[in-house]
Amino acid sequence: MDLHHGLPETFRVLRFFPAGNGGIISGLRKYYCKIRSGRCALIGCLPKEEEIGHCSLTGRKCCRKKK
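Start counting the sequence shown at 1; every next residue gets the next number (the working numbering).
The set of hints was computed from the structure by calculation and includes no laboratory data. These numbers were taken from a predicted model, which means no experiment stands behind them. Fair warning: there could be bad hints in the mix.
Once the Cα atoms are required to be at most 25 Å apart in a straight line, the calculated DMTMM-like pairs of lysine to aspartate or glutamate come out as [stated by the list, open to error]:
#, residue 1, residue 2
1, Lys30, Glu51
2, Lys30, Glu50
3, Lys61, Glu49
4, Lys67, Glu51
5, Lys67, Glu50
6, Lys65, Glu51
7, Lys66, Glu50
8, Lys34, Glu49
9, Lys66, Glu51
10, Lys34, Glu50
11, Lys61, Glu51
12, Lys67, Glu49
13, Lys65, Glu50
14, Lys34, Glu51
15, Lys65, Glu49
16, Lys66, Glu49
17, Lys30, Glu49
18, Lys61, Glu50
FRET-style restraints, in silico, Cβ to Cβ [claimed, not checked]:
#, residue 1, residue 2, range
19, Arg64, Gly27, 15 to 23 Å
20, Lys48, Ile24, 26 to 34 Å
21, Tyr32, Lys67, 30 to 38 Å
22, Gly23, Lys67, 30 to 38 Å
23, Thr58, Arg36, 17 to 25 Å
24, Lys34, Lys66, 17 to 25 Å
25, Tyr31, Lys65, 14 to 22 Å
26, Leu28, Glu51, 16 to 24 Å
27, Gly27, Glu51, 26 to 34 Å
Using N, Cα and C, we set each Cβ at its ideal position, and we do this for glycine too.
Construct the complete structure from the given sequences, taking the supplied hints into account.
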């Protein structure tokens with residue numbers, strides 16, 4: 001395959017892979033929150049809940065009922 005034929009194919013394949021791994025990390029954090037019997041809150045925890053971590057890199061909090 002010539003260089004001018006192979007180069008566009010390379011860019012076409014790389015286009016499907018986003019830069020960074022934020023989606024993978026956020027997915028793992030959500031899963032870890034669920035394992036700890038928590039839920040992901042958009043703004044903050046409810047008054048009867050405690051914060052036990054974060055669900056995403058953007059600030060979602062992992063909350064569960066106080067013991």
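Going down the list of hints, with the structure as the test:
1. Restraint check for Lys30 and Glu51: the C-alpha separation of about 14 Å stays at or below 25 Å, so the hint holds.
2. Between the alpha carbons of Lys30 and Glu50 the distance comes to roughly 16 Å, so the proposed pair stays at or under 25 Å and holds.
3. Taken as a hint, the Lys61 and Glu49 pair is honoured in the structure, with Cα atoms around 11 Å apart against an allowance of 25 Å.
4. Under the criterion of a C-alpha separation no larger than 25 Å, the hint pairing Lys67 with Glu51 is consistent with the structure, at around 12 Å.
5. In summary, the hint linking Lys67 to Glu50 is supported, as the alpha carbons are separated by about 9 Å, within the 25 Å threshold.
6. As the CA atoms of Lys65 and Glu51 are separated by approximately 9 Å, the hinted pair is consistent with the 25 Å bound.
7. With a C-alpha separation of about 6 Å, the suggested pair Lys66 and Glu50 falls inside the 25 Å cut-off, and the hint holds.
8. This hinted pair checks out: Lys34 and Glu49 have alpha carbons roughly 15 Å apart, not beyond 25 Å.
9. A threshold of 25 Å between alpha carbons decides the hint, and for Lys66 with Glu51 the separation of about 9 Å falls inside it, so the pair holds.
10. Restraint check for Lys34 and Glu50: satisfied, since their Cα atoms lie roughly 14 Å apart, inside the 25 Å limit.
11. At roughly 7 Å between alpha-carbon atoms, Lys61 and Glu51 fall within 25 Å of each other, so this suggested pair holds.
12. For the suggested pair Lys67 and Glu49, the alpha carbons sit about 9 Å apart, so the restraint of at most 25 Å is met.
13. Under the criterion of a C-alpha separation no larger than 25 Å, the hint pairing Lys65 with Glu50 is consistent with the structure, at around 6 Å.
14. Between Lys34 and Glu51 the CA atoms are separated by roughly 13 Å; this keeps the pair inside 25 Å, and the hint holds.
15. For the hint pairing Lys65 with Glu49, the CA-to-CA distance comes to about 4 Å; that is within 25 Å, so the pair holds.
16. Taken as a hint, the Lys66 and Glu49 pair is honoured in the structure, with Cα atoms around 5 Å apart against an allowance of 25 Å.
17. Between the alpha carbons of Lys30 and Glu49 the distance comes to roughly 17 Å, so the proposed pair stays at or under 25 Å and holds.
18. Proximity of Lys61 to Glu50 is assessed by CA-CA distance (about 10 Å); at most 25 Å being required, the pair is judged to hold.
19. Separation of Arg64 from Gly27 is about 19 Å and conforms to the stated range, judged on CB atoms against 15 to 23 Å.
20. For the pair Lys48 and Ile24, the supplied restraint of 26 to 34 Å holds, since their beta-carbon distance comes to about 32 Å.
21. Between Tyr32 and Lys67 the Cβ separation comes to about 18 Å, which falls outside the hinted range of 30 to 38 Å.
22. The supplied range of 30 to 38 Å is met by Gly23 and Lys67, whose beta-carbon atoms lie about 32 Å from each other.
23. For the pair Thr58 and Arg36, the beta carbons lie near 20 Å from each other, so the given range of 17 to 25 Å is met.
24. Judged by the Cβ atoms, the range 17 to 25 Å given for Lys34 and Lys66 holds: they are separated by roughly 18 Å.
25. Checked against the hint of 14 to 22 Å, the pair Tyr31 and Lys65 passes, with Cβ atoms roughly 19 Å apart.
26. Against the hinted window of 16 to 24 Å, the Cβ-Cβ separation of Leu28 and Glu51 comes to about 18 Å, which satisfies the hint.
27. Judged by the Cβ atoms, the range 26 to 34 Å given for Gly27 and Glu51 is violated: they are separated by roughly 20 Å.
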